[in-house]
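Can you build the whole structure from these sequences, using the hints too?
Protein chains: 2
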Amino acid sequence: MHAAQMVEDYPVVDLDSDALAAARLLAERRLPGLVVTDASGCPQSVLPASEVVQFLVPPYVQDDPSLAGVLNESMADRIADKLGGRRVRELLPKEPVELPRVAADDTVVEVAAVMARLRCPLVAVMEGRTLLGVVSASRLLELALH
Amino acid sequence: MHAAQMVEDYPVVDLDSDALAAARLLAERRLPGLVVTDASGCPQSVLPASEVVQFLVPPYVQDDPSLAGVLNESMADRIADKLGGRRVRELLPKEPVELPRVAADDTVVEVAAVMARLRCPLVAVMEGRTLLGVVSASRLLELALH
Chain A
155 MHAAQMVEDY PVVDLDSDAL AAARLLAERR LPGLVVTDAS GCPQSVLPAS EVVQFLVPPY
215 VQDDPSLAGV LNESMADRIA DKLGGRRVRE LLPKEPVELP RVAADDTVVE VAAVMARLRC
275 PLVAVMEGRT LLGVVSASRL LELALH
Chain B
155 MHAAQMVEDY PVVDLDSDAL AAARLLAERR LPGLVVTDAS GCPQSVLPAS EVVQFLVPPY
215 VQDDPSLAGV LNESMADRIA DKLGGRRVRE LLPKEPVELP RVAADDTVVE VAAVMARLRC
275 PLVAVMEGRT LLGVVSASRL LELALH
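As given, the protein sequences belong to chains A and B, one line each in that order. For our numbering, add 154 to where a residue sits in the first sequence, where the first one is 1. For our numbering, add 154 to where a residue sits in the second sequence, where the first one is 1.
Think of the hints as simulated: they come from the structure by calculation, not from any bench. Treat the hints loosely; a few may be bogus.
Chain B residues, not near chain A, derived (Cβ > 12 Å throughout) [as the list claims (entries may be wrong)]:
#1 170
#2 192
#3 284
Take a look, some chain A residues computed to stay more than 12 Å from chain B by CB distance [as the list claims (entries may be wrong)]:
#4 166
#5 168
#6 243
#7 255
#8 266
#9 280
#10 282
#11 284
#12 285
Not the full set, but computed from the structure, chain B residues with beta-carbon under 10 Å of chain A [claimed, not checked]:
#13 203
#14 205
#15 208
#16 219
#17 232
#18 260
#19 268
#20 270
#21 273
Since we're looking at a predicted model, the values are computed, not measured. Ideal placement from N, C-alpha and C gives every residue a C-beta, glycine not left out.
What follows is the structure, given as structure tokens:
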């Protein structure tokens with residue numbers, strides 16, 4: 155079995171797509187992160203859900219966590235306020251999370267070796283510069299345990 | 155809303171539970187990791203799926219990745235061989251992944267503040283030394299966007 159046959163359904167967003175829509179996608183699909191591509195569809199990074207969560211935290215709570223308990227603001231208003239009109243590229247961490255790449259004809263063991271070495275939960279499967287899809291660590295385990 | 159009302163269904167395994175069963179749980183539920191507790195049920199760590207994947211990679215491939223492509227071994231045999239009879243504690247990374255804790259009566263903003271500060275995708279919700287459940291980053295976004 156090759157990497158191209160292992161790819162799974164996993165949402166991909168563009169660097170310039172809408173930030174609020176990306177947050178909704180994370181929430182609805184209950185995902186730990188989204189794959190982010192450039193305009194040509196080439197994977198650039200991963201947007202972790204934990205990175206988006208910081209937009210729920212007002213700056214004065216980031217400065218003084220003891221204020222979090224007394225806060226009584228609507229989270230829905232806050233996140234719509236903070237993310238509305240923004241792009242996905244503005245949500246990415248300063249040190250972006252790298253998405254390792256494997257080739258379409260790499261074997262299961264090659265994919266597992268990359269994932270194990272880099273301790274990453276996702277790899278991108280590439281055919282040249284085209285993203286065929288991703289393989290997660292749990293998908294690899296599913297295939298191995300089948 | 156308090157942390158106790160936000161907890162979600164998330165599988166928890168014991169340090170001394172069966173390693174192969176834990177790998178199956180990761181695969182079947184398609185999870186990026188499992189919460190690991192001690193015998194008293196107190197959360198100790200997280201077992202990332204990417205950590206278990208390394209048991210799919212034979213040692214000679216870990217030493218020389220160029221050998222991965224020529225390998226023709228059954229993954230199912232390998233993982234059953236490697237994990238059979240082992241305990242979850244033997245699969246944990248040498249530098250364990252910490253699972254941050256929040257109190258049952260912490261607010262949504264307090265939980266978000268912990269998650270954002272530590273850039274972690276999961277927190278444990280505790281009532282004293284009892285684990286009530288976990289809250290993931292995507293669950294927080296779901297609540298905020300509701």
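Status of each hint after checking the structure:
No Cβ of chain A comes within 12 Å of the Cβ of residue 170 of chain B; the nearest lies about 21 Å off, and the non-interface call holds. For residue 192 of chain B, the requirement that its beta carbon stay farther than 12 Å from each beta carbon of chain A is met, with the minimum near 24 Å. Once the 12 Å rule is applied to beta carbons, residue 284 of chain B is consistent with being away from chain A; the minimum gap is 21 Å. Residue 166 of chain A, annotated as away from the interface, keeps every beta carbon of chain B farther than 12 Å; the closest lies near 16 Å.
Even its closest Cβ contact with chain B, about 19 Å, leaves residue 168 of chain A beyond 12 Å, as expected for a residue assigned away from the interface. Non-interface status of residue 243 of chain A relative to chain B is upheld: no Cβ of that chain comes within 12 Å, the nearest being about 18 Å off. Listed as outside the interface, residue 255 of chain A is consistent with that label: its C-beta sits roughly 14 Å from the nearest C-beta of chain B, beyond the 12 Å cut-off. Remark: the non-interface label on residue 266 of chain A conflicts with the geometry, its nearest Cβ contact in chain B lying 4 Å away (cut-off 12 Å).
No beta-carbon of chain B is positioned within 12 Å of the beta-carbon of residue 280 of chain A; the least distance is around 16 Å. With a closest Cβ-Cβ approach of about 18 Å to chain B, residue 282 of chain A is found to remain outside the 12 Å limit, as its non-interface label requires. Against the 12 Å criterion, residue 284 of chain A stays outside the reach of chain B, whose nearest CB is about 21 Å from its own CB. Distance check for residue 285 of chain A against chain B: the nearest CB is about 20 Å away, which clears 12 Å, and the non-interface claim stands.
For residue 203 of chain B, the suggested interface contact is upheld, since its CB lies about 4 Å from the closest CB of chain A, less than 10 Å. Taking 10 Å as the C-beta contact cut-off toward chain A, the hint placing residue 205 of chain B at the interface holds, the least distance being around 7 Å. A cut of 10 Å between beta carbons decides the hint on residue 208 of chain B: the least distance to chain A is about 3 Å, and the hint holds. Given hint, residue 219 of chain B at the interface with chain A, holds; its Cβ is 5 Å from that chain's nearest Cβ, closer than 10 Å.
For residue 232 of chain B, the interface hint holds, the least distance from its beta-carbon to any beta-carbon of chain A being 7 Å, beneath 10 Å. A cut of 10 Å between beta carbons decides the hint on residue 260 of chain B: the least distance to chain A is about 7 Å, and the hint holds. The closest approach between the C-beta of residue 268 of chain B and any C-beta of chain A is roughly 8 Å, which is under the 10 Å cut-off, so the hint is satisfied. Evaluation of the residue 270 of chain B hint against chain A yields a held restraint, the C-beta minimum of about 3 Å falling below 10 Å.
With 10 Å as the threshold, the beta carbon of residue 273 of chain B comes within range of chain A, its nearest partner Cβ sitting at about 5 Å, so the hint holds.
Figure legend: structure checked against the earlier numbered hints; the only hint not met is number 8.
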